[in-house]
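Reminder that position 22 of the sequence shown reads as 713 in this note's numbering, one-by-one numbering, no gaps.
Please keep in mind that the hints were generated in silico from the structure rather than gathered at the bench.
None of these values were measured; they are calculated from a predicted model.
One or more hints might be untrue.
[Unchecked claim] Result set (DSSO-like, lysine-lysine): computed pairs, CA atoms no more than 30 Å apart in a straight line:
hint	residue 1	residue 2
1	1096	1159
2	930	1057
3	1032	1057
4	1159	1269
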Amino acid sequence: MMTDRSGREKNRLVSWVRHVARSPRSGAWLAAVLTLVGLLLLWLLAVDWYRAQTLNGEAGPRSLLIFQAGGLIVILLLAGLMYLLVNRQAGLTRAVQQRTQEITRINRRLADDLARREHMVEELRRSDQQYRALARSFPNGAIFLFDVDLRYTLADGAGLAEVGLSKEMLEGLTIWEALPPDTIEIIEPHYRAALAGEPHVFEAEFGGHIYLSRTLPLRDDRGVIIAGMAVTQDITEAKRAEAQREAALAALRASESRSQALLNAIPDLMFRLDRQGTFLDYHADANDMVMPPSSVIGGNIRQLPADEGVIEGMLRKIQMALDTGEIQTLEYSLPTAGGAKDFEARMVADGPNEVVAIVRDITERKRTEQSLHRWAHMFEHAEWGVAIGSADGRTLEMMNPAYAKMHGYSVEELSNMPINSVFAPGVADELRALIQVANETGHAVMESKHIRRDGSIFPVLVDLTAVKDERGQLLYRVANVQDITERKQAEDELREREEQYRSIFEASLDGLFINSLDGYIVDVNPAGARMHGYTVEECRGLRSELFVPPDGLSGLAEFFETVRGGGQYRARGFDRRKDGSLLPVEIVGTQFIYRGRPHALAVVRDITQTVLAEQALQERELQYRSVFESSMDGLAINNLSGQLVEFNPAMAYMHGYTVDEFRHIQPPQF
């Protein structure tokens, strides 16, 4: 048992020694401890020697104590120095070991990279051989490899020779050195996209050939893009074949379209019926049918939503077409979802017992006829004159009764008369100019003078339209003529009133401002411009705010708000002159119609003299008030009914009252 225990102690000691040997820091401590132990032994020997010397009388106890303390200090210093030296050596050893491990790892990584690069070079060599073999056998095209500088590293394929190229002309050169600029402009974006990882497909033309090109990136085994590839294939013949096929299809479609157009040109609906009116076949748009398409074939015309008379008329026309062999025509009306419609049916015999009915929707034609009837009625009964002149501009071919009546003729009398016979003398040049403008522009309007049968002349407004055919050839001219005698009289009266208004406007001593409702001065009379230091021309177009000091802008806003609401604005205030000085004014504002639109009229009166007079009056009143109040005599003012209106203090005091008391006293009381 003692043997086992001593063995375990021995093993523990061996393990501790190995640990200390492996740990530089622990080794430093061990060296320091061993050094300390050795020095302590030497120190003890030295102390014994020194004590022996002391006992021999050569040194005292104090010297022994000093010797012991000095020895301990030296021992500690030497032990610490030993620890530092050993620890420094251990740190250097550890750093060398770490750097050795790093160098070992770097060497291993470099070896791996070199092996990988050698493998990659070998793979590239094999790939290059494969690409070249593939390119040489690539039909109708070529294969290109290019690096990041867009330099061709491989170019081969049967298609190179077709456009006058070879691999020797391309390999080792950039695209700018090997290809023309127009080709570079096309392919460069696609090459760069491939180097960015984006495959592209595009068509390009080169040397008279059309190529379908595909560009894609080439990556190494780590996925890094190392180059780009372009594969081109000559699709010229395919394009030509496609174009021929498209042309053939277009011709076929055109033929089908012509056939369909011919079929569609046949008026709207086609039906094949037997003698009894049974539908055997049809060609029609479902939207044009008055019966459900599914019930047409096998159905009978008696099922149509029509009156019995219409049905019987259709059956009679079928019988007549079969019996006579002649085309039979029938017009009728049927109700539809869009309202009643008019139809025309043409029935043609197709064999002994069948007819083909071609049915056309004539609703628009019927409406046009009705519209023409209405226009004719309007033409005949219009209150203004309408006339149609010949293309040569010489004769009146047609006119309505109003036109003839305004000239004192009947329609029959005026027909075929020369056009210039209704124009007053002296307007021949105007007539020629009117006709020329209408011929050139298609329309012309002019005020002129016409002459009646009795020789009287009257003003007219002529609206002339030139009617031309599809080729632009003149067919005739239509003139709308209005007798504007009453309008001219009204215009003369209005002009006279305008002149009167203008004379009043110009002569007014008050300033008259016509403002748009958004605050711009439209017009002003001379007095208004002059009192503000402007000319009339300078005022027009200015903003109203320029004539108002800053503290008067709220009043200006109130002015426009009142006028817009239809009210009348009155106020006193100050306007601002052009030089910035203030002008006391009295303003009256109201809304009125100017040139057909509502405007704000401001009547501005210069009240400078009035203000001065009021100020003088106030000053005199103050003077009189001062005399009245300070008089030693009693003064009182009574109205006509005897009531006390005003009094001075002396009047109250002489009657024994205070001023406030006397204010409530009436004359009978004193």
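Quick rundown of the hints versus the structure:
no.	hint	result
1	1096 - 1159	28 Å, holds
2	930 - 1057	54 Å, violated
3	1032 - 1057	9 Å, holds
4	1159 - 1269	62 Å, violated
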